[in-house]
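Engineer: Residue numbers (the numbering used here), protein chains in the order written: chain R, 245 to 648; chain B, 21 to 290.
For the record, the hints were derived by calculation from the structure and aren't laboratory data. We put the beta carbon where it would ideally sit given N, CA and C, even for glycine. One or more of the hints may lead you astray.
Said to hold, decoys possible - Chain B stretches covered by chain R per the calculated footprint, using a threshold of three residues with CB under 8 angstroms from any CB of chain R:
{"id": "1", "region": "54-64"}
{"id": "2", "region": "125-135"}
{"id": "3", "region": "223-230"}
To be verified - The calculated SDA-like cross-link candidates involving lysine to any residue, where the alpha carbons are at most 25 angstroms apart (straight line), are:
{"id": "4", "chain 1": "B", "residue 1": "K22", "chain 2": "R", "residue 2": "R308"}
{"id": "5", "chain 1": "B", "residue 1": "K22", "chain 2": "R", "residue 2": "R300"}
{"id": "6", "chain 1": "B", "residue 1": "K22", "chain 2": "R", "residue 2": "H625"}
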Amino acid sequence: MISVEGLGKKYRLRHRAESHSYDTVRDALTRAAAQPLRWFSSNGSSTTTDDFWALRNVSFEVSRGEVVGIIGRNGAGKSTLLKILSRITEPTAGRITLEGRVASLLEIGTGFHPELTGRENIYLNGAILGMTRAEIRRNFDSIVAFAEVERFLDTPVKRYSSGMYLRLAFAVAAHLEPDILVIDEVLAVGDAEFQRKSLGKMHEVSRGGRTVLFVSHNMAAVQSLCGTTIWLDRGEVAASGPTAEVIPKYLQDAHAVDRDLDRPVPLGTTLEIRGFRLTPNPVISGDPLQFSLVIAATAAVKLAEVAVLLYSALETRVAVIDLRSAGLPIRLEAGQQWRAEGSIANVSLVEGDYRLGLFVNSTDFAGDVDEIVELAVQARHRDGLVPYAAAHRGFVELDVRIDA
Amino acid sequence: MKIVIEPGRGASHYWRDLWQYRELMSFLAWRDIAVRYKQTAIGLAWAILRPALTLLVFVAFRRMAGLQQVERPDVIVVLAAVLPWQFFSSALLETSNSLIGNTSLISKVYFPRLIVPIAAVATAFADFVVTLMLLALLMPWYGIAPGRELMALPFLIALTAALALGLGLLLAALTVKYRDFRYAVPFLVQLWLFVSPVAFETSQVPERWRAVYALNPLVGVIDGFRWAIFGGGTAFDRMTIVSSAIATLLSVLVGLWYFRRTERGFADAI
């Protein structure tokens, strides 16, 4: 269905042109004038341009009806890959074979014109996305119903609220009927209600036997929608395979640096943190978590209180673990250690990255130390319902049972 | 349907794709026409008002400069030139700006990029059709009865459109890379008006300069318009239309060649 072999895309970076997105004739003329001189220069190569491979040697196969997630950090080449697959830009190397009608959705509402009415924009946007007039007419009522804009059909969309605008744009896109659908992060916009609706629609599409390529930062969405996942790292395929195997690898890599304490963290002059370990890390939401903490003294000191502080990625304090019962207060002589080990029965946290710090009270040092280690919490895979995006779900994952 | 994407391969289904996307082309032209006079008080009247005012100014200018001729109504002489001129100039300006005016489409959706400038010419053509009504009203008023020469008008209109499209393709593609052309093109169009026989007639150009003058492809087009409208009663050097046709063919070929050559980089450069 989709076969990608040795795909590469090279961009030429012009360092001095960074602030301008376009050239001027003057630039071209000066460059042309400088050219003969460059032939005589010793290094031969230009100092102002630099080749950058946004994608290099990317190969994969997708079979009919497969829903494939594409993950990776910013700048890993995900968007470039989608742009090449959608034929917006050409590859520099390699070959792609696509069988069937391709529709790509790199943005919703592309080509919407603010002066045109909702009705007019449905036709225009549909045509831009590759629908025929007949297809749009057939789906028109269903698009309007999905977008819930019946009353405003003949109002220019510039008078729409941003929510209405998004719903209408998504509604048109959701009624595309291609064999292959290529989607970029379109779910990253809008309110929770919109996200719920669009994710639900995505589920429907993916179950409808369509081949889908889905780029997202929302691991929960990738987990619940995609059977297979491709992880791109710096333009190359770092891993690909079943989603359940690729996502942990990706998360592990993304956090490898801060996972464990690689050197002691000093607390004042006499105390230092020698070890701070969480296992497993990443942990799946709702699973148990082991922790161990070692604080050593370099001189005689009295350690009165210790607590672990848990922060969200946005630096909101989410919880504390009070360790006063772990043999505190204690008198430590030089070279002695205090150790606390324990577990949390279930990490009822919404998936995401958390940071752990310590509160310490001793005769030498008293205060907070922020961001000592990181804890990655992964979504629990559920069948059926697609969870809301993590950003909308607060911090706590309650263990809920619905009886009626 | 099987699609193969390879470096340099973009050309293989191009013309087939262009045909498949013809609906989008008509949608884009329709959008530009629909949007054009939205939120204006007098709306479509602008399409008439602009050539009408230009007409007034040029007629007054001819009177003051003593360029006026007695044998034919001056208003029609000027109008016969203002119409193709306005069609040509607005088509050229809109085509040149068409790609950068549709940046979001070009960077987010695939379609043969040629449809954007073609739709821009179609938009200018819609305005031109409205202005033709001005001519239809004024001709009987001045007692000008069209002869069978009027049959040449569609050909002349097609020539004008092709010339604007050919140059527009080149300028639109250049504007994607060099935004200088955004400023250069309006200026070029302004200068072009002065060297085209709009406010005056080719017969008023000194004889020995005529051959050089005919290098301006609009000379043949405008003289042709006057000839078609006055039923042949005016001097019309057939060589000028040949020169226009050659220039048009050249501009379409060069425009297409450059456009197609740079098209695959539009999304990256825009």
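Engineer: Three residues minimum, CB to CB under 8 angstroms: does the region 125-135 of chain B make the cut for coverage by chain R? Let me know.
Structural biologist: holds (count 7)
Engineer: Check, residue by residue, whether the region 223-230 of chain B contains three or more positions whose beta-carbon lies closer than 8 angstroms to a beta-carbon of chain R, and give the verdict.
Structural biologist: violated (count 0)
Engineer: Measure nothing beyond the straight line between the CA atoms of K22 (chain B) and R308 (chain R); if it is 25 angstroms or shorter, mark the hint as holding.
Structural biologist: OK: K22 (chain B) and R308 (chain R) at ~14 angstroms, within 25 angstroms.
Engineer: CA of K22 (chain B) to CA of H625 (chain R), is that 25 angstroms or under?
Structural biologist: violated (36 angstroms)
Engineer: Given that the region 54-64 of chain B was listed as covered by chain R, double-check it with a C-beta distance under 8 angstroms for 3 or more residues.
Structural biologist: Satisfied; 4 residues make the cut.
Engineer: For the pair we were handed, K22 (chain B) and R300 (chain R), check the Cα-Cα distance against 25 angstroms.
Structural biologist: Roughly 24 angstroms separates the two Cα atoms, so the pair holds.
In summary, the structure is inconsistent with hints 3 and 6 from the numbered list given earlier, while agreeing with the others.
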